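Okay, here's what each chain looks like letter by letter:
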Amino acid sequence: MATVRDLPITNKSLAVQRSRAGFARLVFVVMAKDLRAELRTKEAINASAAFALVILLLFSFAFDLDPDTNRQIASGLLWLVFAFAGTLLLNRSFARELPNDCLDALVAAPVPASALFLGKALANYVLLFAIEMLSLVVFGIFYNVRWTVQFGELMLVLALGTWALTIMGTVFSALTVNIKLREVMLPILIYPFLVPALMSAIQLTLELMAGRPIGADKVSWLQMLLGFNVIYTAVSVVLIESVLVG
Amino acid sequence: MKKMRNTIIYVLAIAATLILGIDIYRIAGLPEEQAQGAIFKIIFFHVPLAIAGFACASVAFVSSILFLVKKDFKYDALAVSVTEVGLAFLAGNLITGSIWARIIWGIWWTWDVRLTSALVCWILYASYMMIRHAVEEPTQRARLAAVVSIFAFIDVPIVYFSIRLFRTQHPAPVFFSSTGSFPPDWSFIVFCNLMALFMLGAIFTMIRLRQEETQRELDSLRRLAHAF
Chain R
1 MATVRDLPIT NKSLAVQRSR AGFARLVFVV MAKDLRAELR TKEAINASAA FALVILLLFS
61 FAFDLDPDTN RQIASGLLWL VFAFAGTLLL NRSFARELPN DCLDALVAAP VPASALFLGK
121 ALANYVLLFA IEMLSLVVFG IFYNVRWTVQ FGELMLVLAL GTWALTIMGT VFSALTVNIK
181 LREVMLPILI YPFLVPALMS AIQLTLELMA GRPIGADKVS WLQMLLGFNV IYTAVSVVLI
241 ESVLVG
Chain P
1 MKKMRNTIIY VLAIAATLIL GIDIYRIAGL PEEQAQGAIF KIIFFHVPLA IAGFACASVA
61 FVSSILFLVK KDFKYDALAV SVTEVGLAFL AGNLITGSIW ARIIWGIWWT WDVRLTSALV
121 CWILYASYMM IRHAVEEPTQ RARLAAVVSI FAFIDVPIVY FSIRLFRTQH PAPVFFSSTG
181 SFPPDWSFIV FCNLMALFML GAIFTMIRLR QEETQRELDS LRRLAHAF
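Top to bottom, those sequences are chains R and P. Each residue of the first sequence is one higher than the last, beginning at 1 in this note's numbering. Each residue of the second sequence is one higher than the last, beginning at 1 in this note's numbering.
Hints in this document: simulated from the structure, not taken from any laboratory. Please note: incorrect hints may appear among the correct ones.
What the hints assert, rightly or not - Here are the in silico distance ranges between beta carbons for each label pair: (1) G140(R) with I207(P): 57 to 63 Å; (2) A28(P) with D66(R): 54 to 60 Å; (3) F84(R) with I39(P): 39 to 45 Å.
What the hints assert, rightly or not - Some chain P residues flagged as far from chain R (calculated, every beta-carbon gap over 12 Å): (4) M4; (5) R5; (6) I9; (7) I22; (8) E33; (9) K71; (10) A101; (11) G106; (12) H133; (13) V147; (14) F161; (15) F198; (16) E217; (17) A227.
No experiment lies behind these values; they were computed from the predicted model shown. Every residue, glycine too, gets a C-beta built ideally from N, C-alpha and C.
Build the full structure now, drawing on both the sequences and the hints.
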């Protein structure tokens, strides 16, 4: 659990702190705080990783897979696992700050809301990416999929798709933090929004899992994913002040 | 002010009813289309419903931004009213489309570009309503709902382009290709219907706005009563 001590408040004056710190450092401080808090308790990553494994297990019963269908549904299945496990993780991002009124302290701290948001998003990104890599390894073993053939490009798609999940998840995590049905609301809210991003990621991963590089006909999917990330990162950074502070 | 608004509502209601009545009479008198028979006439409502729904979304987007900038609750009331009306229009659009598809394609639904994006759009705005119901504190509710509304409006074109990218690579087997042109006097009926729907939308929005205002008044009275 985060404590007020983790916050970037020192006995130096606010102005000194600001001028020395700079935006990037504030983002880094928030990120480091979140990662530290999470790695100490491990509550979100444990739950999320376990959930990903359980879904991977269930999918093997849901579809009786022969190698051909396996290849066809592999990427869709994988991204659904990421999306499900991701919401579990992202739910905790702001909810973690509720005990001891840490959220109020964070908002009151001399950190702009956008830095707070980006720091949290980056921490979530690191955690989610780690869980995705773990699922990918387990997936490769259980489902006999050779995912390392186009390793570099797959990592690029994974990086972009995960950022889309993270940015939407973090902003909606902030949105739903004070709502009673938080755990249910987050997935209901973010999945429709994520339709374009998930679709792009699934299409690209499908290509890469089949061992083909991203061809000229699939580049537009990459652009779509990139565009989604750029637009929503920008809009979220602008609007997060209204969400957190008002 | 209230009286004036009532007059506007009545005038608009009469005008909308008149236009719709005349339109329905004219549509009933039109000949049947060669390939589709009578069912093609659903287009006179189907298309205007979609346009009116999108117009509502645009108004909701603008008033959500205005709320975040000015923090005036009348914009929040406008946003929720117009979103509800838009949801009803879009639902009408989806339902009329489905009825048409059942008769012409033989299926209720296909994952075509327009159908899918219209459905995703509907779900996005439904989630706007959900978040409104989930948050109780009015200021917070208005703020969060405005943010969701802005996000939703931005998502609609992205969804449309992404699904177009997806489905043009895998064309649906039951795709209706219409090569016939639409006569200009028929387009005029579509335009009249659109105007009537806009009026209807304005009426519903104004009635809904009044409910929101009354609700706010009730809330503040209740708070006042609790204060003593």
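A quick look at each hint next to the structure:
1. G140(R) with I207(P): 57 to 63 Å: 58 Å, holds
2. A28(P) with D66(R): 54 to 60 Å: 56 Å, holds
3. F84(R) with I39(P): 39 to 45 Å: 41 Å, holds
4. M4: M4(P) is indeed farther than 12 Å from all Cβ atoms of chain R, at 33 Å.
5. R5: Consistent with the label, R5(P) stays out of reach of chain R, its closest Cβ about 30 Å off (over 12 Å).
6. I9: 33 Å, holds
7. I22: 39 Å, holds
8. E33: 34 Å, holds
9. K71: Violated, since 8 Å does not exceed 12 Å.
10. A101: Holds: least Cβ distance 21 Å, greater than 12 Å.
11. G106: 27 Å, holds
12. H133: The assertion about H133(P) is violated, with a minimum of 10 Å to chain R.
13. V147: 5 Å, violated
14. F161: Violated, because the least Cβ-Cβ distance between F161(P) and chain R comes to about 7 Å, which does not exceed 12 Å.
15. F198: 27 Å, holds
16. E217: Its Cβ never comes within 12 Å of chain R, the nearest being 23 Å, so this holds.
17. A227: Nearest chain R Cβ is 23 Å from A227(P), so the label holds.
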